[in-house]
Amino acid sequence: MTVTPAGLPAWSRTADFSTYGGHTDKKNYQAQGVVNPRTDVSAEQFASLVADAAAVSRTADFAVVTFTCRDSTTDDPTLDSYLGMHGVGAAAAPTLTRISDGLVELQWDATYTDPYGVSQAVNITGGGPQAHGSTALAPTLELIDARTVRVHIKNMSDAYVQDKKITLTVTTGGD
Amino acid sequence: MPVLGGFCPMPLRLDAGGTSGWSPEQHARLSADLCAAVATVPLLELRYTKSGATITVNAFKDQLRVGKWTSVSRVVNGTGDVTWQFATRLEDEFGRIEPILCEQAKASCEGSGAAVATVEVAQNTVRVRTFAISGGVATAADKAVNLKVWSAAGSVIDSVTSMAAKGVRPEGPPAIARRPSISNYGGATDKVPAASELVETYAYQHFVELATGRGSLYTQELATQVGAENVAIARCFAALSRAAERLEANALPLTAHEALGGWIARLNVTAEPGDDTNAIRDACAARYRLALGPTRQNEDESIATLLGPALVQVWRQEGTDLATPPPITYWPTINPGPASHDLTGAGAWLSEREHLVVEVEQPPIMELTDFLRLLNVRLFDHLDSMLPSTATFDWCLGPLSAGFLLDISALDFTGIIP
Numbered sequence: 001m002t003v004t005p006a007g008l009p010a011w012s013r014t015a016d017f018s019t020y021g022g023h024t025d026k027k028n029y030q031a032q033g034v035v036n037p038r039t040d041v042s043a044e045q046f047a048s049l050v051a052d053a054a055a056v057s058r059t060a061d062f063a064v065v066t067f068t069c070r071d072s073t074t075d076d077p078t079l080d081s082y083l084g085m086h087g088v089g090a091a092a093a094p095t096l097t098r099i100s101d102g103l104v105e106l107q108w109d110a111t112y113t114d115p116y117g118v119s120q121a122v123n124i125t126g127g128g129p130q131a132h133g134s135t136a137l138a139p140t141l142e143l144i145d146a147r148t149v150r151v152h153i154k155n156m157s158d159a160y161v162q163d164k165k166i167t168l169t170v171t172t173g174g175d
Numbered sequence: 001m002p003v004l005g006g007f008c009p010m011p012l013r014l015d016a017g018g019t020s021g022w023s024p025e026q027h028a029r030l031s032a033d034l035c036a037a038v039a040t041v042p043l044l045e046l047r048y049t050k051s052g053a054t055i056t057v058n059a060f061k062d063q064l065r066v067g068k069w070t071s072v073s074r075v076v077n078g079t080g081d082v083t084w085q086f087a088t089r090l091e092d093e094f095g096r097i098e099p100i101l102c103e104q105a106k107a108s109c110e111g112s113g114a115a116v117a118t119v120e121v122a123q124n125t126v127r128v129r130t131f132a133i134s135g136g137v138a139t140a141a142d143k144a145v146n147l148k149v150w151s152a153a154g155s156v157i158d159s160v161t162s163m164a165a166k167g168v169r170p171e172g173p174p175a176i177a178r179r180p181s182i183s184n185y186g187g188a189t190d191k192v193p194a195a196s197e198l199v200e201t202y203a204y205q206h207f208v209e210l211a212t213g214r215g216s217l218y219t220q221e222l223a224t225q226v227g228a229e230n231v232a233i234a235r236c237f238a239a240l241s242r243a244a245e246r247l248e249a250n251a252l253p254l255t256a257h258e259a260l261g262g263w264i265a266r267l268n269v270t271a272e273p274g275d276d277t278n279a280i281r282d283a284c285a286a287r288y289r290l291a292l293g294p295t296r297q298n299e300d301e302s303i304a305t306l307l308g309p310a311l312v313q314v315w316r317q318e319g320t321d322l323a324t325p326p327p328i329t330y331w332p333t334i335n336p337g338p339a340s341h342d343l344t345g346a347g348a349w350l351s352e353r354e355h356l357v358v359e360v361e362q363p364p365i366m367e368l369t370d371f372l373r374l375l376n377v378r379l380f381d382h383l384d385s386m387l388p389s390t391a392t393f394d395w396c397l398g399p400l401s402a403g404f405l406l407d408i409s410a411l412d413f414t415g416i417i418p
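Chains as they are written, first to last, in the working numbering: chain F, 1 to 175; chain G, 1 to 418.
Hints listed in this document are in silico derivations from the structure and should not be mistaken for laboratory results.
Treat each hint with caution, since some may be false.
What the hints assert, rightly or not - Some chain G residues close to chain F (C-beta under 8 angstroms, calculated; not the full set): (1) P24; (2) L101; (3) G113.
Stated by the list, open to error - Cβ pair distances, simulated, as ranges: (4) G:T19 x F:T140: 47 to 53 angstroms; (5) G:T139 x F:D25: 58 to 64 angstroms; (6) G:S134 x F:Y160: 19 to 25 angstroms; (7) G:K61 x F:T135: 27 to 33 angstroms; (8) G:K61 x F:I99: 34 to 40 angstroms; (9) F:Y160 x G:Q313: 28 to 34 angstroms.
Claimed, not checked - Straight-line distance between alpha carbons at most 16 angstroms, and here's what the computed EDC-like set of lysine to aspartate or glutamate pairs gives: (10) F:K165 x F:D109; (11) F:K165 x G:E120; (12) F:K27 x G:E171; (13) F:K154 x F:D71; (14) F:K165 x F:D71; (15) F:K165 x F:D75.
Note that the structure is a prediction, hence the values are computed from the model and not measured.
Yeah, the Cβ is synthetic: ideal placement off N, Cα and C, and Gly gets one too.
Okay, chain G solo, but in the shape it has when bound:
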């Protein structure tokens, strides 16, 4: 579907690309590269000249504005020695407020003479010292300096939105937070072209029907009153068509957007501020599958939906057959185990058949913190809901090879004998 112009009102819908379109592959590359650039671009660049007690700001740009911003706070400490004080928070065009913590800086001197600069970064101050070099000796000297400053990655709990902010709320934090995610730009690893508007947009389809239906008595030219009327009516009907499709999409958690909050509540999925939207959808979709019943296939498929590339294998210890359970199976009075395994005094209850182990590995694209949260929060939450109360579960790192397998091999149970 074409994505640009009056016949393609927002939201943009991806298609096969071309001169009027935008393919999922192109959008994915843009999302990924924006994340990459957001991570490393400087917070601000400042060019200034110092001459005695006079500081002249020659150029200034930060991620929100450009210009000779003279109100940057500074303190002259001495010859070639200036301390710059920067804002502790910035508010972007959409009212998103992020705390700023300057963490890294680089300074270089301008001019024809040999010179060096050093920096000291503390909280939101950057102290720049400049030196002229002659005969192997560095002497403090006033110079023209180019200064770049980078801010630290902020915490999601520190992000706020101004109460006065109106209009669209961008997804995710601003670039200055250095917490980019492809989902903020609409990216997802399973993005596909929109099938319903792949060839022609709803708006154009309705426009053609309207123009045709009005017959030859009416002009077919777009740049006329009739044309404008047809376009306006066509966009209205297109909104109805999209609303019907939106209803269908939100009826399933995997394709929900506006209704995702409702799915989170109904499915009792854990979601916190800053969680990736696509990860929340996957968690909801995995939980939704449980409605199909706790069969082995549904369990495996729901775990696969939740973990994606992090899943290696789901392990179950079944024993030879129903009558021959796995070795570590204890049943009070039926097949009592060692007294040391009796935790309650009512007899030991252990069943490897009731123990599910999920073998995982950290995907290259996933940060360790996200990986651990996926396993210790989302997977735990999911298995806790999915499995009966008599079952136990755990995860272990893979890929596994032959030999002793923690939490899988029988030795693990044997090992708990004091």
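If we strip away everything but chain F, and leave its shape as in the complex, we get:
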């Protein structure tokens, strides 16, 4: 028999402390407090655990991705690193597509599943790019749809630039 976790995966941002078993009236069984702190967990400690877990789940980035553009060869960017709530590494990374010089589109799957197989749609609501290198750049993020973003990589003169390396954080939910 497979257990189905309560609520939805973390990137839905719908979990609160009660999803993890918290309750404002949580109490030690039969009002017996901790007898041995090496073996017992109190209701107060448990409450802290679930509250902090909910806090972290709300604000942790959905994904952190670093890629390097290959505009001079008109190829799609190469993926340098990917950390995602649904998985880590190249296999979990979004599709990287070169649109034009300094313009990259990233598209995630419409849904991802958590380790228990519970599926949740991707709903990107924000994020921000960071340029690498020694030259000042002003990259910006454009939200295309719930699972697609574009990164515009421009210089101080508002002109697109080639072959830059970017780190992008993306967040979901909260809308």
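Since chain F is already given, all that's left is putting chain G on it; use the hints.
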């Protein structure tokens, strides 16, 4: 079973939830969401102000400590240009040591003037350059900066535990390793409430018996010497009750914990550091079923136990009946095959009845590396132990449709004719 307080000593046992309980569903969500958050939270966040050669660390936090940690190594390269050097390894509160490799970073400038920052990440250094913007021109300038750094996912072979570490050894690596697994938090896809302590814990059951047995001459109040004595004795008896249950659980590999290492050795299951504990239990349980005999049902059920959602179907080519074997059946001197199929000079031996094919598909929740390891290591190990030495086996990706089926359709054997 209630899980909190003095009547619920560790280990916690899941129950139906409620004001004193914790259900498997709630625990599963916590395990899964912790894995998600561990994957993306930054390794560290640093806020600093640069003014000439002076760097002031305004705030610092990494996954192990918080505070104005001034001993972070840095080099001033010039105006608005600082290189930060971070530790190459971190040791957590439990003595777990993980190598750190900074891989991604973001920096943003504070203040009212237009400004940008760039980063360069190399090994464990992050170089931050800040620029003031005016009239479309960026000029290097000292700024107050917020810097976030993410580390790469580490390799399991690089994890060590300090020799000085004492006390409990947490399961799995620390969060900074970015190798989270629900099993590290006690998670498993088949978690259920603990039936034996579902309504009342052993400790409370014994407590009630003790308090009742002592009679009305003794106070029934918990917050008394008698109450404390009753609770202490009840917990002792509860430990005995749990020990008996633990013995029963460890007698089977699927529910073993302390004895899992023994099952791995006795059943000759492949297990390496970093392997998921639940996957090892499944592998042991699958191998254990072979003791029931290599019947078709046991073979199928043991493969299903091992592969879980990755299994699509087990294929066998039987032919019409016993006297009419499948087409590709060659038997030296009885039904000799083409000379080209004779590998040893003693005649060709091929039997589709002796060839088992396992059709699989990668579950959405399983990483490709884990999927391939499941098939090429665990499944191979299992089939090698299960099947007689005269049998061959293979796996193929499904789901399959009509038409030529690699390793299943007869054409595959025919195709080996040079």
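Need the status of pair F:K27, G:E171: alpha-carbon distance at most 16 angstroms? 27 angstroms, violated
Cβ separation of G:T139 and F:D25, checked against the hinted range 58 to 64 angstroms: 59 angstroms, holds
May I ask you to test the interface hint for G:L101 with respect to chain F, counting a Cβ-Cβ separation under 8 angstroms as satisfied? 10 angstroms, violated
For the pair supplied as a hint, F:K154 and F:D71, confirm whether the alpha-carbon distance does not exceed 16 angstroms. 13 angstroms, holds
Do the beta carbons of G:K61 and F:T135 sit within 27 to 33 angstroms of each other? For G:K61 and F:T135 the Cβ distance comes to about 30 angstroms; the hint holds.
F:K165 and G:E120 were given as a pair; does the straight-line alpha-carbon distance stay at or below 16 angstroms? Holds: F:K165 and G:E120 sit about 9 angstroms apart, inside 16 angstroms.
Does G:P24 pass the interface hint, meaning its C-beta sits closer than 8 angstroms to a C-beta of chain F? 5 angstroms, holds
Evaluate the given range 47 to 53 angstroms for the C-beta pair formed by G:T19 and F:T140. 49 angstroms, holds
Is the gap between the beta carbons of F:Y160 and G:Q313 within 28 to 34 angstroms? 52 angstroms, violated
Confirm or reject the claim that G:S134 and F:Y160 have a C-beta distance inside 19 to 25 angstroms. 22 angstroms, holds
For F:K165 and F:D71, compute the direct alpha-carbon distance and say whether it is at most 16 angstroms. Roughly 11 angstroms between the alpha carbons, so the hint for F:K165 and F:D71 holds.
Is the straight-line distance between the alpha-carbon of F:K165 and that of F:D109 16 angstroms or less? 23 angstroms, violated
In summary, the numbered hints that this structure violates are 2, 3, 9, 10, 12.
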